[in-house]
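Chains as they are written, first to last, in this note's numbering: chain A, 1 to 334; chain B, 1001 to 1320; chain C, 2001 to 2320.
None of these hints come from the bench; they were simulated from the model.
Certain hints may be false.
[Unchecked claim] For lysine to any residue, the following SDA-like pairs were computed, each having C-alpha atoms within a straight-line distance of at most 20 Å:
1. 202(A) - 2269(C)
2. 2120(C) - 1174(B)
3. 269(A) - 2201(C)
4. 1229(B) - 2087(C)
[Stated by the list, open to error] Sample of chain A residues with no beta-carbon within 10 Å of chain C, all distances over it, derived:
5. 146
6. 160
7. 215
8. 270
9. 276
Cβ coordinates follow ideal geometry from the N, Cα and C atoms, glycine included.
Each chain, letter by letter, is given below.
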Amino acid sequence: MKEKILEVRDLTKYFEASNGLFSKKKYLHAVEKVSFDLYKSETLGIVGESGSGKSTLGRVILKLMKQTSGKVFYKGQDIMQLNPKDFGKIRRELQMVFQDPYASLNPRIKIGDSIAEPLIANRILSNYAEAKKKVHELLDLVGLQPELYERYPYEFSGGQRQRISIARALALEPKILVCDEAVSALDVSVQAQILNLFNSLKKRLDLTYLFISHDLSVIKHISDRILVMYLGEIMELATTDQIFSKTYHPYTEALISAIPDPAERGKKKRIILEGDITSPIDPPPGCRFYGRCFKTMEICKCQHPEMIEVEPGHFVRCHLYSERKGGLTNCLNT
Amino acid sequence: MLKYMIRRGLKGLLTIFVSITITFFIIRLMPADPVSLLVDPKMGPEVQEAMMKQFGLDKPLIEQYFIFIKEAMAGNLGVSFKTRQPVVEVIMQRLPWTMLLLTITVAFSLLIGIPLGMLAAKKRNLFFDKLISTLVVVGISMFIPFLSFGLLYIFAYMLKLFPTGGAYTPPPGEGFAYYLDVARHVALPALTLVISNVGTIILYTRNGMVDVLKEDYIRTAYSKGWNDKYVIRTHALKNALIPTITVTGLMIGTMVGGAVMTETVYAWPGIGRLIYDSVSALDYPVLQGAFLVLAIAVVIMNILTDLAVAWLDPRIKLGG
Amino acid sequence: MTKLLEFKDYSMGFKDDNGNIYNLLDKITFHIEEGKALGVVGESGCGKSMTSLSVMRLLPSNMVLQGGQILYKGEDLLKKSESDMQKVRGKDISMVFQEPMTSLNPVLTVGFQIGEVLKKHFPDMSKEQIRKKVIEQLDMVGIPSPEKRVNQYPHEFSGGMRQRVMIAMAVICQPNLLIADEPTTALDVTIQAQVLDLMVKLKDKGSLMLITHNLGVVSEICDEVVVMYAGRLVEKGSTEDIFDNPCHPYTKGLMEAIPSLTNKKDELYSIPGTVPTAKNFALGCRFADRCSQCMSCCKDSVPPMKEISPNHYVQCWLDF
């Protein structure tokens, strides 16, 4: 039985989206009652398009944004309830690698100092001179030469800068690393290097990853389990093998089908979804995928589907698989 | 739209209210005592007291303040300490002259500034652009009294091309001769203000244009087969002028009372000069009136500027 | 089959701030036949965007022509005057750019921006005729309620919709060649599928030059592929040739570096090193320092273009 390292329960984040003083308050439902477990030493891939809430989810879990409601249990404690001082000690164990390697490094600080900063800020080491040795170790870990300590970000390529960001995230010896679109801004060949680096670091340092991306191919390559999000909700959650061998949710099907794959050329019949991704502001009742789904039923319009375990460890949020399948309810009002 | 206007109107009133309150108290912090200017020291203390009572200067400050507000809302801004004229009258006499100077200044600043800015953008980083940028910096940083005295000295005194001050050579004539006379008088003050302000217009236009020309949609326009002239006229101009319009609006708002130095040097009978004279005379009521006018002008110009920009840029939703 | 567009030894460089000229594209040679779709594949810095902009002659001003020809229907586009090129752009050859969010002018309606193309190339068309055609075109690219949306502004459209508008704008004059520079990169995956589907439908109307780094997209839409690296064309051939039998080490490396939905690998092959910048291009083969099969001759001399099988060419010293 695998050990749980993080338990997320009903995590919700709304943003206010009103137009001026006198109009009615509208809310952008960025993340809606998300619940899942993260097991030690696994890579959980979170995949979704714009508006899915995947990035917001990552940030709320790390408390980079305040949640609207919900709990996140780490080592038995609900970290959402901790005050900043108590959380400070735990924060070291939960780190993040961001998407834009060009924007996330301060251009005026030497990269070595950037990597050392978390160590100084958390008072693990008292000055930059002491930190130098640790930084050299970290640089070596991510495949960069120690002499590069003295250089500035502009002297590096995108892939190298991403390595620096990873080194910085690893400085505090975290247990969980949240990678938010960490390879999306990189060229294909560099992406491969960084993905390989992530995998080798995981084994060496016994890390657990929450890997967020819109690229399902990348997610498939690196993840043990996959969580598919749409408009703030989890639509499907299962192991990588499960999701690809038997896909349950129509949205996941469409996502998989949408990716052009050289090996499948000419053979695959693609599912093309109608319309645009709907707005997460004041979403209508019923299933959020209603309107674009190619397998809708009457019930989907007014009744919100709940998560169901269709196979051991494989969860879906869809009326197609609920016990009270279609034919029963007609949406009476509206 | 109506809701927006009402909201802006209320915010504007609040701004005006706060500004005249602050003005009221600040001008009374001035070290001198207005009574001493009005009153002949030879007059006995009873007369002095009577004068103070007449002007309400014997009451506590807070009470004076509330009286002022009450009267102001009724349209009575009090009476000038110096000339005993109702303040409203005094201001209405001066306001048109300031408006005239302002209108001519803004018109010429835009007529000269926008084309020069666009030309500088087209020839960016070349000699012309650098020359213009230098002139702009010189113009903006010149100390206005220095500039105005300089122009006055050269053109009015030495070359005798223009009159040395005032809005017209009395007595005021009629018809065309009068207008010509005023035109001769307004030339130098307007020139001073234009030199001072055109630089801002040029800079904003140039930078606005340079930024717009880098945008992707300009490349798209060229890819359709259009030439330079069309692309600039149809695609670039509207976008590039938005910052210029914004800054012009704000400029107008502040120039109403802000041309103090220019109007004083040229003895131009506008609000600016009125402010200068009233400060020396410690004529509180007139000062309050003048600042009220200035506050109103700024608020109105802000609202108009916002409306103009919203009209130009469809992405802007008026709200909040 | 006739060659619609042909690049013959086209070379181009750029001038930096100090006036030094660096070569970027080196003797690019390939052609697109009528009715076919060609994919130009490579990573950032390989020059694929510059290649496409060269056809339209929309290169930034610091770009320098260093030799060769670009023939369209036999005529050299590089020798045409600017006004002749303007007749070609938007009508015979048109382009769809990468960033739909910024490639449309925010202050002009979508209808205006599409109608412009017609106005330029068919000046005799009336306003009503243009409007009708624009609405038809919007409908054809899948924009719902086109009569209403034709009067809307770009910010009222989503990313996918904007890209459809760009496509409508590019095909309304039924060009012989459509150049699409990373048309789906900035879009969500499901929206990408919609737009690619649309492009496949439009392919029948003319030739397509699709620039992308996504090999999957190329395999779906394109008949032929050219692979670029550091300004050189390293391999070209039909889609089957390139995907079933990639020869150049870079092409092979690229195929293996991409995580695919069907292959299961523990470790992705990653090409060591990074893409060089134009100022650091090596003499000899530009891929030499990253190539696992590099030989001594590779570093000194530029490799020749070899024909491996009919229409399948590789620029490499290796024997195949």
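Now the hints, each set against the structure:
1. 202(A) - 2269(C): holds, 18 Å
2. 2120(C) - 1174(B): Violated, because 55 Å separates the two Cα atoms, which is more than 20 Å.
3. 269(A) - 2201(C): Since the Cα atoms of residue 269(A) and residue 2201(C) sit roughly 15 Å apart, the hinted pair holds (cutoff 20 Å).
4. 1229(B) - 2087(C): holds, 15 Å
5. 146: The claim stands: residue 146(A) keeps its Cβ more than 10 Å from every Cβ of chain C (closest is about 19 Å).
6. 160: Since the minimum Cβ distance to chain C is about 8 Å, residue 160(A) lies within 10 Å and the statement is violated.
7. 215: violated, 8 Å
8. 270: Check fails; 6 Å does not lie beyond 10 Å.
9. 276: With a cut-off of 10 Å, residue 276(A) comes too close to chain C, as the shortest Cβ separation is near 5 Å.
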